[in-house]
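Residue numbers (the numbering used here), protein chains in the order written: chain A, 1 to 181; chain B, 1 to 367; chain C, 1 to 253.
In short, the hints are calculated from the structure, not lab data. Some hints could be false.
In silico PhoX-like pairs for lysine-lysine, Cα to Cα no more than 25 Å straight-line [stated by the list, open to error]: (1) B/Lys290 x B/Lys250; (2) B/Lys217 x C/Lys227; (3) C/Lys52 x B/Lys220; (4) A/Lys153 x B/Lys189.
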Amino acid sequence: MTEEIIISGFGGQGVLSMGKILAYSGLMQGQEVSWMPSYGPEQRGGTANVTVILSDERISSPVLNHYDTAIVLNQPSLEKFESKVKPGGTLIYDGNGFHKFPTRKDINIYRIDAIEYAYANNAVKTMNMIILGGLLKVRPIVEIENVLKGLKKSLPERHHHLLGKNEEAIRIGMDLIKKEN
Amino acid sequence: MSNSQKQHKEEVRLMKGNEAIAHAAIRCGCDGYFGYPITPQSEILETLVELEPWKTTGMVVLQAESETASINMVYGAAGCGKKAMTSSSSPGVSLMQEGISYMVGAELPGVIVNVMRGGPGLGTIQPSQADYFQTVKGGGHGDYKMITLAPASVQEMADFTVLAFDLAFKYRNPTMVLADGIIGQMMEKVVLPPFQPRWTEEEIRKNTPWATLGKQKNSKPNVITSLELRSEEMEKINLRLQSRYREMEKNEVRYEEIMCEDAEYIIVAFGTTARVSQKAVELARAEGIKAGLLRPITLFPYPSEILMSYTSRIKGILTVEMSAGQMVEDVKLSVCGKVPVEFYGRMGGIVPSPNEVLDALKEKLIK
Amino acid sequence: MNVTDIINPSNLVYDKTSVMNDTPMHYCPGCSHGVVHKLIAEIIEEMDIQDKTIGIAPVGCAVFAYKYLDIDWQQAAHGRAPALATAIKRLLPDRYVFTYQGDGDLAAIGTAETIHACNRGENIAIIFINNGIYGMTGGQMAPTTLEGMKSSTSPHGREIPLNGYPLNITNLLAQMDGTCYVTRQAVHTVASVRKCKKAIQKAFENSMQNKGTSVVEIVSTCNSGWKMTPDESNKWMVENMFPEYPMGDLKNI
């Protein structure tokens, strides 16, 4: 199995770290993984994205032009990546602030209003985990148990007390995600 | 699970290529790192200072005032028989060319990492491979060569850091690790090399008897210099260097072949473009096109012989680079016109996609 | 009595230090370099640190310094000596590491390396020969060339609007927190040679005391480049160089 994912949104939304957690989760279940960020000024604002590949085989290109799954968290990201989802693939978006919405019929489209939820429930810091929960609900590519192991590995020890909050966020995301087509 | 398996498993880490270089340097007994920040490789210096190896192995890590100073610090350290390295990205490596030429002239080992970005000039911080000529054709003045290792994975970033030191000391010549922004910035699994202690002073005196550690009683002073005003002597030095490069050509050619056995078309690419091209080969095979990938690992010495050996059975070669076409010249030289050699490249920080490479293969060679 | 009877240890009134070898020097007669070389060699012998000293030779007239003193040497690219010295001293903290640089090397092409080594307070000694001219390449203008002073690239005399001011880099280095000892000396008289030797020795001693960088500027003559006799050069130096580059300690911590 190989899963090729792009996650894209504003810098500061936790896009790169969400990708990192996915990559660590893949590592925990013994998969080959690659995590390729857009780097540069985007990290400090602007649109940032990260390509994550999880595979049972050696990964060739870390840079792709088509994806099994795209997670888009802002309008420019939708415009850039909707067309790049493979037919039959998955598009997950957070519609906060969107004025144009996904239109493709040959892919599975899901909406998760994690941003709105996070602001309403004082959970901004775990917003990316809510979205990750949504992803895992519709694309169970990694076990939640491995996500938590991966988190433990990637988080500095002083943040380990937040692991429970993160697990909770994943569950919230699983409830929040809705299929649109 | 046995203990050794357990230990091995624990050593599998997920990290960026740049971080892997820093870890590998500490582990292979590097004595000194001297560098100046530049995107996309600043994580090397950042990781080193975070790890504080001066408290464990005694390795010195210093942020220099410029790349010019960095490479000259490497020169000074190397002159004392120390394992020293620097890293930078394209514009900074241009500044280092003077120092690299002096190191070659003074016969000093050392490791330079170039995590390439797009030029010319200040250019872009996005990945590129346009420093190929600068590296393998000699970016500094004078007749010289450097063994150039081109990593295509985070694992190779770690492995080649260690290998680069071995080769540098074997030939008393600087070695270049030529990566690009993708390999530097991406995270992959990596098994870090085992810890080797830094050389003791006794070992340095034994391994590098030319080193300036202070003149020993009853022995001549050691002098590190690249200056020789007598032309006859200077030519002799050049001949010695040239014979060293011939030795490198004989002993150090490295490459990887992927699906080349039955290939009718060979893609030649290094570093990130080799990874992209591997995917293109997979896509081509899925369409019934017999494609293969030759990935040069050493860019000098170049794997010319293996390329020549394909010519009797293949229909053509596509060279893929993130440049206007630099390595393609060496591919052409390798095959002496026996098969068509085409080129596909992107510039300015654009990474070609696997589909673009496949399309180029069809368009330029299969038609 | 014949000659061999006279040459015996009991009649010895002066002996060249063994750190200095017998290689004939390439320096012009009257040049200050030879004297400063000898002072460094004597200090190394007297401090008994021949096996612990690493010198960095510059590009310039002293490019061949490594031929004359029997110590380990590294020859640096033009201006980069302080970078080499930084790495060497940090990797070998129990060694005496010094650079030997001219005004073009230290104050023009190597300004950045000089200032930053001093700013980091590297525990090295910088011996700086300032003769206001590029001697090796044939008498071109240096950053320290005086206003109105003729050189092959200022044949009508240095003009401030065109070439800027003489660079008093030693004053600048004395301002830096990383330096512990900054002094300006000369070697044109017996007394000044003695004073200069003490200064160089102090710079060497400082480098083992973790106090920071020591800089000894030696205002020097270049009679070939200045196109004067050695004697005239000394007089010209006192009358013209000393007012711009006054003798004495600028800093001594």
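Results of checking the hints against the structure:
1. For a cut-off of 25 Å, the pair hint linking lysine 290 of chain B to lysine 250 of chain B is broken: about 31 Å separates their Cα positions.
2. At roughly 43 Å between alpha-carbon atoms, lysine 217 of chain B and lysine 227 of chain C are farther apart than 25 Å, so this suggested pair is violated.
3. With a C-alpha separation of about 14 Å, the suggested pairing of lysine 52 of chain C with lysine 220 of chain B holds against the 25 Å cut-off.
4. In summary, the hint linking lysine 153 of chain A to lysine 189 of chain B is supported, as the alpha carbons are separated by about 13 Å, within the 25 Å threshold.
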